[in-house]
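> Each residue of the sequence shown is one higher than the one before, starting from 38 at the first, in my numbering.
One thing to keep in mind: the hints can contain errors.
[Stated by the list, open to error] The calculated DSS-like cross-link candidates involving lysine-lysine, where the alpha carbons are at most 27 Å apart (straight line), are: (1) Lys121 to Lys308; (2) Lys244 to Lys263; (3) Lys77 to Lys330; (4) Lys304 to Lys325; (5) Lys244 to Lys200; (6) Lys70 to Lys200.
Just so you know, the hints here were simulated from the structure itself, not pulled from any lab data.
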Amino acid sequence: MEEWQNHRKILHIDMDAFYAAVEQRDHPALLGKPVIVGGKPNSRGVVSAASYEARKFGIHSAMPMTEAFRRCPQAAFLPVNMQKYQEASDRIHEIFLSYTPLVEPLSLDEAFLDVTRSTALFGFAQDIAVLIKQRIRQELGLTASVGLAPNKFLAKIASDLQKPDGFVVVPPDKVQEFLDPLAVERVWGVGIKTAEQLHELRVRTVKDLRALDESALSKRFGVMGKQLYELARGIDNRSVETDRMAKSVGRETTFPSDIADVDVLEKELLKLAVDVGRRLRKHALRAKTITLKARYPDFRTLSRSSTLPQATDLDDLIYHEACSLLRELSMNQPLRLIGITLNNLTDQTEQLTLFDEPQKDMGNLTKVIDQVNAKYGKNSITRARLL
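Using the sequences and the hints, build the whole thing.
So this is what it looks like as structure tokens:
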């Protein structure tokens, strides 16, 4: 372990087929069988998660449900149960925090952990990783894949190499040996177009990329050239950000059949506004910019945005603003999808004036409703219009 003494010890922990794994855990009859989370097979939604048994049929996230059904009609098709997945994620996060306060969540099912200073209490970083994997399995009945490395970039790649239930360690003195054989597409920022340009330069692996000097990369790829140069050498100095704030909060729904009735669309907007408002309040955030997304049957997608004078986390304000944006759209065609996204987020509470007292009262009422729903179930108290 001598080579680790002067280096950070970063874990990237990624749950295996998270949504599908939670469903298999809760329905033992589905263990070992293909499971697809996302809704009914004949719906117009997309796959949110697929078990490893389903992935053998080429099914992956964001694939249309109809295509997933065509490839694997014998699979179990289940609706998304976000509340259940959030509860599992919260418990996993508690396990992380019992070993280090330096946790950076990336989503419900993955996070970075800096355990550099935790070794004084819990032993080697490898031991901490094993303990976390064991506790996730024992306490939640789920499996996680882990990468341990001197930085976030390497840890992220490592966690993905031996899924499911993998554990890959990249010691500081083995970084180049680890990186060189990998396909260049493994490097952060190398998407389809960048990969095509690199292939034109006869760059297929990280080792090929490392053969190019920084000036040549910067000339071809601009600012990204420096990043490619450093990542090819395993250089990534970013810290684990414990106060990482979400950039946006959004929710959308694809209808089983196209909808032209404005009253029905507004009811759907109310559902979405309640959901995103609840998520804002859970993370003590407010939003100033509200964006409405609408998709027509021909897949033409439009968006309209509005910025409020003050940031809010109130469902009613979000809803009424979204309805105003809906009325700006051309309704000469029905809609197949509608969504609300909140941007320009802040965790600062703005000072209310005397004229804002009704908003303060509504905020207090909303907090009480959130507390009741958290204790007794998501929809214990709901809007009459949504019944």
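> Take the hints in turn and mark each one as holding or not.
So, going through the hints one by one against the coordinates:
About 18 Å separates the Cα atoms of Lys121 and Lys308, which keeps this hinted pair within 27 Å; it holds. Proximity of Lys244 to Lys263 is assessed by CA-CA distance (about 16 Å); at most 27 Å being required, the pair is judged to hold. A distance of roughly 23 Å separates the Cα atoms of Lys77 and Lys330; the hinted pair therefore holds under the 27 Å criterion. Pair hint Lys304 plus Lys325 holds up; C-alpha atoms about 22 Å apart against a cutoff of 27 Å.
Proposed proximity of Lys244 and Lys200 is supported: the alpha carbons are some 24 Å apart, at most 27 Å. Taking the CA atoms of Lys70 and Lys200, the gap is near 17 Å; set against the 27 Å cutoff, the hint holds.
Violated hints: none; the structure is consistent with every hint.
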